[in-house]
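A.B. asks: So the chains spell out like this:
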Amino acid sequence: MKDTKKLFYIIVGLYLLIIFFPFFWVFITSFKPESEIWGSEALKVISSNATLDHYKALFKANIFNSLKNSFIIASFTTVYVTVLASLCAYSIARLKFWGKRLLLAAVLGTSMFPQMIVVGPIYRAFVGLGWINSYWITLPYSMITLPVAIYILVTHFTKIPKELEESGMIDGASKIRIFGEIILPLALPGIFTSAIITFIGVWNEFLLALTLNPNSSYHTATVAISFLRGQFTIFWGQVTAATVVVTIPTLIIVLVFQKQIISGLTSGAVKE
Amino acid sequence: MRKYLPLLLIFILVISLAAGCTVKEEPVVEEPVVEEPVVEEPVPVEKTIVKFAVQADSTGALDAIISDFNEQSELYEVEPVIMTNDSGVMHDQLMNSLSGKSGEYDIISMDVVWAGEFAAAGYLEPIDSLIKDAGWKVTDFNAGSMSSGKYKGKNYVLPYFPDLGFLYFRTDIVSEEDAAVLVGGDYSWSDLLTMAEKYKGENGTLYGHVFQSKQYEGLTCNINEFSANWADIQGGLETMKAFADSDATPQDILVYTEGETHNAFLNGESVFARNWPYMNGMAASGDYNIDVANVGYASLPDGGTVGGWILGINNNSQNVEGSHEFLKFISGPEGQKINATVGGYLPGFNALLEDQEVLNANALLTDPGFQVALTKTIARPVVANYSEVSDIIQVKTHEFLSGNGDIESATQIISELFE
Amino acid sequence: MKKLFNFIEDKLGYVLIIPALIFIFAFSIIPIAESLKYSFFDFQLNSQQKSGIYFTEHYNVTLATETFEYVDYYLDTELEVVEKSKTVEQIKTFRTEMISKEEEVLNLLETNEGIIQVSDSDLEFIHQMNKWVYDGLEKIYSNDEPFVLEEDIFLVASELDTSIIVPNFIGFDNFKHVFLDLRVRYALLITLIFTVASVSLELVLGLMVALIMNTAIKGRGMVRTLSLIPWAIPTSVAALIWAYLYNGSNGIVALLFEKMHFIGASTDLMLTANGALISIIIADVWKTTPYMALLLLAGLQIIPRNLYEASAIDGAGKIKSFFKITLPLLKPSILVALLFRTLDAFRIFDLIYVLTGGGPGGKTESISIYAYKMMFAQTRFGYGSALALGMAVVVALIAYFYIKVLEVELISD
Chain Z
791 MKDTKKLFYI IVGLYLLIIF FPFFWVFITS FKPESEIWGS EALKVISSNA TLDHYKALFK
851 ANIFNSLKNS FIIASFTTVY VTVLASLCAY SIARLKFWGK RLLLAAVLGT SMFPQMIVVG
911 PIYRAFVGLG WINSYWITLP YSMITLPVAI YILVTHFTKI PKELEESGMI DGASKIRIFG
971 EIILPLALPG IFTSAIITFI GVWNEFLLAL TLNPNSSYHT ATVAISFLRG QFTIFWGQVT
1031 AATVVVTIPT LIIVLVFQKQ IISGLTSGAV KE
Chain Y
609 MRKYLPLLLI FILVISLAAG CTVKEEPVVE EPVVEEPVVE EPVPVEKTIV KFAVQADSTG
669 ALDAIISDFN EQSELYEVEP VIMTNDSGVM HDQLMNSLSG KSGEYDIISM DVVWAGEFAA
729 AGYLEPIDSL IKDAGWKVTD FNAGSMSSGK YKGKNYVLPY FPDLGFLYFR TDIVSEEDAA
789 VLVGGDYSWS DLLTMAEKYK GENGTLYGHV FQSKQYEGLT CNINEFSANW ADIQGGLETM
849 KAFADSDATP QDILVYTEGE THNAFLNGES VFARNWPYMN GMAASGDYNI DVANVGYASL
909 PDGGTVGGWI LGINNNSQNV EGSHEFLKFI SGPEGQKINA TVGGYLPGFN ALLEDQEVLN
969 ANALLTDPGF QVALTKTIAR PVVANYSEVS DIIQVKTHEF LSGNGDIESA TQIISELFE
Chain C
110 MKKLFNFIED KLGYVLIIPA LIFIFAFSII PIAESLKYSF FDFQLNSQQK SGIYFTEHYN
170 VTLATETFEY VDYYLDTELE VVEKSKTVEQ IKTFRTEMIS KEEEVLNLLE TNEGIIQVSD
230 SDLEFIHQMN KWVYDGLEKI YSNDEPFVLE EDIFLVASEL DTSIIVPNFI GFDNFKHVFL
290 DLRVRYALLI TLIFTVASVS LELVLGLMVA LIMNTAIKGR GMVRTLSLIP WAIPTSVAAL
350 IWAYLYNGSN GIVALLFEKM HFIGASTDLM LTANGALISI IIADVWKTTP YMALLLLAGL
410 QIIPRNLYEA SAIDGAGKIK SFFKITLPLL KPSILVALLF RTLDAFRIFD LIYVLTGGGP
470 GGKTESISIY AYKMMFAQTR FGYGSALALG MAVVVALIAY FYIKVLEVEL ISD
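Residue numbers (our numbering), protein chains in the order written: chain Z, 791 to 1062; chain Y, 609 to 1027; chain C, 110 to 522.
Think of the hints as simulated: they come from the structure by calculation, not from any bench. Backbone N, C-alpha and C define an ideal beta-carbon position, used for all residues, glycine too. Certain hints may be false.
[As the list claims (entries may be wrong)] Residues from chain Z that keep clear of chain C, each with C-beta distances beyond 12 Å, as calculated:
| hint | residue |
| --- | --- |
| 1 | Phe821 |
| 2 | Ser865 |
| 3 | Ser924 |
| 4 | Pro951 |
| 5 | Ser1007 |
[What the hints assert, rightly or not] Partial list, computed: chain Z residues near chain C (C-beta under 8 Å):
| hint | residue |
| --- | --- |
| 6 | Phe798 |
| 7 | Tyr799 |
| 8 | Leu833 |
| 9 | Cys878 |
| 10 | Ser881 |
| 11 | Leu893 |
| 12 | Val897 |
| 13 | Ser932 |
| 14 | Leu936 |
| 15 | Ile966 |
| 16 | Ile990 |
Using the sequences and the hints, build the whole thing.
C.D. replies: Next up, the structure:
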């Protein structure tokens, strides 16, 4: 018995090591001078000439501007998608109307569609409207995030006990009031969860950002970082420093909101 | 502030939607456009900004050209938009912008092989009138660069910097007699192979000859040279395979790009090498094992592929006048001279080939072997679907070279591309 | 106001879903329909004749006027070299007549720029005019003169034909091409190999980690939190991190593989087809296994403990109770996770785009990458849309297989 426990700890340790090693390696590389990144010293863990040069160079590159773009686009999308999804999910979870199941199936269906199919037409439409390279990109992000948010929220709304509404109804409150005064406060944790998942979803999106905002001043962080690669040479020092900078916001979000994220991820996957 | 307008509009829209007041409203997308207020008058600036899409230039020549132009121009200010160094990605980005009829770039720098596609698509402005107004002739410019930008009888480009493939060899190994033959340019591929096999191993060399045959654009350039500009495709493929299979070339020659080539040659591992002019700059820098005094230059047997970058004007540019002015400057004698003296590039304006300052700055230009190479250049096909054509050439050639395909089908498929 | 309130109250179910529906309609349904439309056309932005959806004949007036200008300018240049006065006369007359022809056609079309629809009679007129120009040029160049632009002028004049745009509706040709395109087959193969390999590895490894985390080990909460990190990292960033670890000259993973003799030389990893594909799979497994583990852990945690106690009393061993209790009860969670992962893996784009760009030599090109290249590098939106639709069909088949055959329950009442 004791041996299995030991084995388990070894496996978990190994698992954590594998998860962490890439970050760790990128992190230490970002402090090495370019000369030590190449050649015989490439595998040295601690550089004897640690430097912040690569981070300084980032100020010249577009990384900070792109982080700002990502932040604006992701926050904004999160706000409006969460509002729309809450209304829609409540309706699906609680109210009776014709075509409900079909609707939920359609919502789920769109989330399974390959994005590649809508990118072309959306790109053409954006070109026509002169919206290429702008924050209008938040609109089509609804395509990716709305179905997921609705799905998460439907699961959460269903969990709220029906009795609360029924007692409200007996008191003669309107459905709108019931939703605003009874359901919403109770559903806040769920809404928050869906907001976090939406935010991460938009923050990580690549294809739409790549095609709709090709100009470097409108790049999001995910796209900007992919453009750091050159044709013949790659300045790994700068690339690793940029990677560290871009990863930090994600790490903060994960560490602070881990509970909500896990609940969001597992809703739907687990039948209770 | 204007960039935040979309967010504001979407926000208002969502709130009004969410409030349930606008249930009957028609599709969302169209609506905000109508509301978009007219932008305030742009603050009048003294000089009109001309945007120039170009890759970073580490030699400092680009900065010098732009600051010289901006200093002397009273009407225009050129602003470089530095594009990614990955040419493939840059091509896609330009494609994306140009097909969207965007005027975000006024002047565009292009790899020579993109011009056919861009011109056919109607993205570029023909420049024949510009050449005429400036009192120049097409023949005043590098022939290879100009022909890569000529589509359906019209000229669309001027040179930024021309490039060509040629042969490097070790003068400390190759006998004077053989060197004379090479420099004269009157030799065949089989002569080269014989020499490569003969000299391999001397002075610590490991290989006789290195060239590019990984499956990428460089392979198209190399097969272009082996096949004498597609004149003899089957013969070219056979010759190339004879080189690849020979003991005189590295075992992994099929993954060689320019990088592997210059590593091998500059570290003194190879007697011959096919590469672009940039390798000479590296050899002269003294950072490598090789002594530049021991490097000789010659044309390739049937001519070297033209490469380099060219400049064109976006058809949707709002600053045609300014673009013309800058294009005349950068491709004309002033700009090309800076490019040649500061950057060490080959001049695209032919008269500079006799300019003493230019000749002093670039030793290659006075070398007799290189001068022969300059006269023997061959272009890659100028077609609208170049990337597709080049892709097929690469795949078929590489398949044959690696022993995964037969010569008949490779020859046939490549020949069909040229019909 | 009261009336409106009552209406909303009455139909609240619909009122609340409409805002979301409008967005889904505008950004999913309409674009999909639009894509379907593109796929029936030879729609290609980088061709002057195909850069629109044309059901009928059109005429590119801008190009035509530019061409007339060019022919006129080239003839003017020839006048400088022409020797015989007869030819000079001939050229001069031709130029005057050509310009009046041009004016005539512009008057007929009532515009001098843009691309406009033309009637059959207009088209007839344009064809005749083009023929007249070619014939006139032929006649001029049949003179024995030291012309300098003969080749160019005929190429330029041929743009008069390019100005005529024929309908580019091609029915099912794009779809036929998808079936015959060898590159599609190869991309499909790569995508399937990637999907099967990465999803099954993720399932096995994820299940292992989940089972261990489900036993009472110390620090479980921390392990769970840390597991979130690879999932939360943007794929393009993860791809770049791995690109660094894999690179041939100083990538530690590439050097490690070389030392372990998995690969011949460290540079082979990203330069050979198999090496690059395996690299992609490893990066994906790294990124997604923790996520899989979390999903499965959540499923494990709702299996009642007393079931295990009961089976322990019956004398069943650990392994037996895993197959008798855990697996059957975990099946719904596994299937849901598998469904989403399979669909995700099949659509893979970001990881390959950043890590290998589809290389070396197109050897790791997934369907998404191919469709993207068609649309955005070659601007062939018609063919690209057909590809994306084909992909959607496969995705639908996969989803159908899971939902109908494996009976995944996604919507519970």
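A.B. asks: Each hint: holds or not?
C.D. replies: Now for the hints, and whether the structure bears them out:
no.	hint	result
1	Phe821	holds (14 Å)
2	Ser865	holds (16 Å)
3	Ser924	holds (16 Å)
4	Pro951	holds (16 Å)
5	Ser1007	holds (18 Å)
6	Phe798	holds (5 Å)
7	Tyr799	holds (7 Å)
8	Leu833	holds (6 Å)
9	Cys878	holds (4 Å)
10	Ser881	holds (4 Å)
11	Leu893	holds (7 Å)
12	Val897	holds (7 Å)
13	Ser932	holds (4 Å)
14	Leu936	holds (6 Å)
15	Ile966	holds (6 Å)
16	Ile990	holds (6 Å)
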